[in-house]
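Given two chains presented individually in distinct reference frames, assemble the corresponding complex, making use of the accompanying hints.
Protein chains in written order, with the numbering used here: chain A, 85 to 288; chain B, 546 to 720.
Hint data in this document are derived by calculation from the structure and do not stem from the laboratory.
Each residue gets a CB set at the ideal place from its N, CA and C atoms; glycine is no exception.
All clues stand as given, with none of them false.
Derived list of chain B stretches under chain A, where covered just means 3 residues or more per stretch with a C-beta under 8 Å from a C-beta of chain A:
1) 551 to 565
2) 585 to 595
3) 601 to 607
4) 707 to 718
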Amino acid sequence: MAAASPSVFLLMVNGQVESAQFPEYDDLYCKYCFVYGQDWAPTAGLEEGISQIASKSQDVRQALVWNFPIDVTFKSTNPYGWPQIVLSVYGPDVFGNDVVRGYGAVHVPFSPGRHKRTIPMFVPESTSTLQKFTSWFMGRRPEYTDPKVVAQGEGREVTRVRSQGFVTLLFNVVTKDMKKLGYDTGPVDTQGVLGPCLPQGNPQ
Amino acid sequence: MAEVHVIGQIIGATGFSESSLFCKWGIHTGAAWKLLSGVREGQTQVDTPQIGDMAYWSHPIDLHFATKGLQGWPRLHLQVWSQDSFGRCQLAGYGFCHVPSSPGTHQLDCPTWRPLGSWREQLARAFVGGGPQLLHADTIYSGADRYRLHTAAGGTVHLAVGLLLRHFDRYGVEC
Numbered sequence: 085m086a087a088a089s090p091s092v093f094l095l096m097v098n099g100q101v102e103s104a105q106f107p108e109y110d111d112l113y114c115k116y117c118f119v120y121g122q123d124w125a126p127t128a129g130l131e132e133g134i135s136q137i138a139s140k141s142q143d144v145r146q147a148l149v150w151n152f153p154i155d156v157t158f159k160s161t162n163p164y165g166w167p168q169i170v171l172s173v174y175g176p177d178v179f180g181n182d183v184v185r186g187y188g189a190v191h192v193p194f195s196p197g198r199h200k201r202t203i204p205m206f207v208p209e210s211t212s213t214l215q216k217f218t219s220w221f222m223g224r225r226p227e228y229t230d231p232k233v234v235a236q237g238e239g240r241e242v243t244r245v246r247s248q249g250f251v252t253l254l255f256n257v258v259t260k261d262m263k264k265l266g267y268d269t270g271p272v273d274t275q276g277v278l279g280p281c282l283p284q285g286n287p288q
Numbered sequence: 546m547a548e549v550h551v552i553g554q555i556i557g558a559t560g561f562s563e564s565s566l567f568c569k570w571g572i573h574t575g576a577a578w579k580l581l582s583g584v585r586e587g588q589t590q591v592d593t594p595q596i597g598d599m600a601y602w603s604h605p606i607d608l609h610f611a612t613k614g615l616q617g618w619p620r621l622h623l624q625v626w627s628q629d630s631f632g633r634c635q636l637a638g639y640g641f642c643h644v645p646s647s648p649g650t651h652q653l654d655c656p657t658w659r660p661l662g663s664w665r666e667q668l669a670r671a672f673v674g675g676g677p678q679l680l681h682a683d684t685i686y687s688g689a690d691r692y693r694l695h696t697a698a699g700g701t702v703h704l705a706v707g708l709l710l711r712h713f714d715r716y717g718v719e720c
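Bound conformation, chain B alone (with noise of 0.2 Å):
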């Protein structure tokens, strides 16, 4: 079986309107992969920044992932948080990209959106917070309900992600 190791760190997030930010993430595969080593999701620590605007967590990943198949290639998705003083929390963003499939190291940069509600709604994140979030994590990675939403940018996230790759020559891939 080839085997994907992909090694690398979310970086942090930048554009995003509030400070105190956090992302939690995780990485889903297609039936023919197996993790092997590593956990498949996590959250990053909460940073405010004091130099600039750009929200650093150095949140390391580290998966041992085996495949029998190219279908399913693993997505990292993400949903970046804000955190007030208060210690609650606001949805800031949404966003997923795919691991690269060549190997090597990668700088991607993940652009994010969140739901946008009716007006009143709206009005209501404004001046009270809060705001709709999705039902199921997976229309964050998945196109399959998507034309149901109406959504807003938020910033980017910032990752760097390696990737090793084994035995993928004895089956003829490329990459």
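Just chain A, with the same shape it has in the complex (with noise of 0.2 Å):
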């Protein structure tokens, strides 16, 4: 039987969100969700997860470890679209109440390989001093109601924001019958530590 030339082709991608880094932060939890586009639908795996409670190691390194696995695999006529992860980070304030720390966002790694990603993570600010005070008393902090809003370029205009922390991922990806559809997408990067990454001179 001839091979039809496929229409479709598949990403499959395993990984974990492997830790963080947030210096005046503790007790913190993470979810992830995926964002894609259009063309795009999950196959396999969860387009979702919320890890455990990690809490900082009491050594010098202050490491906050999830070791969350993530697992999912995605089919797509067309590359525009292509699925983001989307990170939100949560932990208690003062008053015991949950908050969120930090959103960051970054693309699945589009080479078959072994890539690891840093990416920052940034909270929502409050417009005024007032608002500030108000919201830090009453633990209701500004956050999205849909976290998918990260992903997206458009509307970010008018937020403000403040950076304040790095969660570090790792991905393995392969993809099939992309070359069959006349796709090249560069190099199998086996190093894993090329790709976006934060530039000299930044928290590793």
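Right, here's the structure in full:
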């Protein structure tokens, strides 16, 4: 049977939300979800997850480790709308309420191989000092009603944010039939350390 | 027709003297290029960093072009502005870089510059803010009238841009 030329390609992503660096906060958990365009559909695995609550280690590293697995497969006809993983990190404030400590998003890498990404996490900021005080006092910080907003470019012009931490993710990417459809994704990145990282001089 | 996908992020900026920065970005292409999906321009959020001095935007870029020719390869142009606590915006730098031409993920560091004015304007900028801006944004990415300008360096904008090419080998293009 002659193989018909495929019209759909598959993207398989597995990996983990490895750890976080938030110098000012402790006892954090994270939620992840995937945001993708209209031509994409998940075919296997979990699109969302909530991790455990992690405390910083007592030693000098002050490491905050989740080691939280990610495993999902997508199918698509068009690379436009390439999936992004959106992370939201939450933790307790001084009064014990659960408040958001950071949002971040990054595109799933598209060349097959192992990739490490360290992404900055930011939090929306109140406009006035009075609002900042009331939100601190009441435990209701500004947060996005739908975290998927973080993965979009439109509508960000009017938001003020504060970046206050980093999360490290590891991805293993496998694609199927992208070459047959004519796509060239570039050299297979076996090192895993190329690609978006923080520039030199930033905390790792 | 060959297709190009530009998928990546404007990560952030370093080296600017002001904090509370945002970036207006746009992509300019030649006549042979057609934008099939995605928005050609946008503006990031305003970020005030708590740790270190790098302002992080993590602004996603996802564009799908179809092209008939290599001329007019896409150029990304940027304007970095700072916003103070009163909501006033001041120009921090202009910069541009070409979208990479080989497939894969690339780390781009785009240097920026801002126009200096006369010594009076520089003094006014130091005290009151403001300062000269370009009338036509296309001077940022074209070399045409640059000889008229006297500029000073701003900071650097960091981008991670991934490029996916389709059918380029059918036309014999090596990249």
